[in-house]
Amino acid sequence: MSDESSQTSGHTPPALNSHSTDTELGRRSFLSNSATVIMAGGLAGGYGTFFAMAGRYLYPSTQNKVWIFVSDAASIAPGESLPFQSPGGVAVTITRRAEKPADEVASGEPLAVDRFLALSSVCPHLGCRVHWESNNNRFFCPCHNGVFNANGIATAGPPAAEGQKLPHYTLQIVDGALYIEMPTSSIGRKA
Amino acid sequence: MSRLSDWWSERVPISGEQLRELTNEPVPNHMKKWWFCLGGTPAYLFVVQIVTGIMLAMYYQPSPNTAYESVRHITEEVTFGWYFRGLHKWAATLMIAAVVLHQMRVYFTGAYRRPRELNWIIGMSLLMVTLGLGFTGYSLVFEQLSYWGATVAGNITDTVPVVGGFLKKILLAGDNYNDQTLPRFYILHAAIMPVSLILLIIVHIAFIRVHGITELEVPEEPEDKPKSFDFFPDHMLTELALGLVLMILLSTLATIFPAALGPRADPLTTPEEIKPEWFFYASFRWLKLFGPTFAVLSMGLIVFLMFAWPWIDRALTRITRSKEISTYIGIVAVFLLIGLTVWESAVAH
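Protein chains in written order, with this note's numbering: chain A, -19 to 171; chain B, 2 to 350.
Label-pair distances were calculated between CB atoms; the ranges are:
| hint | chain 1 | residue 1 | chain 2 | residue 2 | range |
| --- | --- | --- | --- | --- | --- |
| 1 | A | E79 | B | D267 | 50 to 58 Å |
| 2 | B | D267 | A | G156 | 39 to 47 Å |
| 3 | A | S12 | B | V13 | 30 to 38 Å |
| 4 | B | D176 | A | E113 | 56 to 64 Å |
| 5 | A | S12 | B | I249 | 18 to 26 Å |
| 6 | A | T150 | B | G263 | 31 to 39 Å |
| 7 | A | T150 | B | I257 | 38 to 46 Å |
| 8 | B | T253 | A | S12 | 25 to 33 Å |
| 9 | B | L20 | A | S12 | 21 to 29 Å |
| 10 | B | L306 | A | S12 | 43 to 51 Å |
| 11 | B | L250 | A | D155 | 53 to 61 Å |
Beyond 12 Å from chain B on every Cβ pair, some chain A residues (computed):
| hint | residue |
| --- | --- |
| 12 | S9 |
| 13 | S51 |
| 14 | P58 |
| 15 | V70 |
| 16 | A71 |
| 17 | A78 |
| 18 | E79 |
| 19 | V93 |
| 20 | R109 |
| 21 | T135 |
| 22 | P138 |
| 23 | K145 |
Covered by chain B, per the in silico footprint, the following chain A stretches (three or more residues, Cβ under 8 Å):
| hint | region |
| --- | --- |
| 24 | 16 to 26 |
| 25 | 31 to 37 |
In short, the hints are calculated from the structure, not lab data.
Built from N, CA and C at the ideal position, the CB exists for glycine as well.
Start from the sequences, fold in the hints, and give me the full structure.
If you want it as structure tokens, here you go:
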């Protein structure tokens, strides 16, 4: 570029006819326009990519999930619930469904995981803590009288009007021990 | 459209012409050569450091229990975390290198001489703060080097006569590295030093604007050519292109040589091989060559002499009647610096 400009500005040959001056001017403005486009493109492309990457960086990445031990499965009586908090601070209510007579488990037979239900204790309405009322067989949110049935589906109050339900978590039973799948604990608590 | 511009110019009564007048510094012709843009290079890299530093701070947790794990999380789990940490690390390295090269350029072209002595002092302060940022920066990772580097630094401070013990307590927030040390380094690295650097850069640039840039004779320029060109847009474009080149260089370095993570700090075990970052190699070798008190005091003296060089240069020139005396001393100093750095990097202990 500097060679080009020093050549063109350094001397002005007097013998140039108008045709070659036109070509030279055309070539010069073409080169100068190209340089502007390349520069603008480089700036937009380079910093655009940078800020796109910065956006991806700032958006929290999906957390890994791990299996966390809850308790001995048999220790939760039918119809009862167990409030549980993960090391990362996620609050969950784990309920064992009330047994119908036909569902009676023969002694010695392992408990099936579908007898249990793990629901978030956080009301989807405005984030208050719901609690299990075993006598009413429902979850109740004291903030705005939200009511959820045993499966976590809202039946009354603002959450029902919105058609909301309590998020649920996956459970598994290994050798009689109940595990829940949860996002990894916040990094500060590992160490 | 014109209503919008009326609205704007009523509230911000500065015309484009005034703005042009305000920003247009005549730039001497030698600044068309890229190696004279070494002052703008650390400034650009500092902006990169601010941006990437804020981004790292979004995930970093400054406490001994969490620091290492959060850096690992950034490096291994956060999307592009390795890239932004790599940028931060390599921009730091290049920034220190560019500051040192810029200072050498100023030194060997005699640009610190009257009436620019005070700006040399500002420049020296910028060097000191930049080195401080480098040191506190690698202390935050909380790997073995961070912990033992800070411990060694604390004990070096301790050897300073009279005030050493006091300074060490201030630096480490106690007699030894403890739970409060890391938050202290963090606030130094993320607030106190960057703000100091910004203020110093403002003064540095203000001085340049007031004095103008020292003009250098460019032998091959024809006599009738203008001696300077406009800052805007000519020099601005040079700096923009330089910024793009630096971004490409940084991205390449961050990808090919990603910022690594050493073993977690272990207060019970000093590693067999312990070295600071490369920019402290020379002073680290100096500490191995001499007893601690002598080494620390002599380094302090060297820093003092560097600060006072514009006046020392004048005295030396008067005594020796040689205008080149500072150049010769400078060449010896540069070789000493390179020699000590290479020596330290070549041997294990």
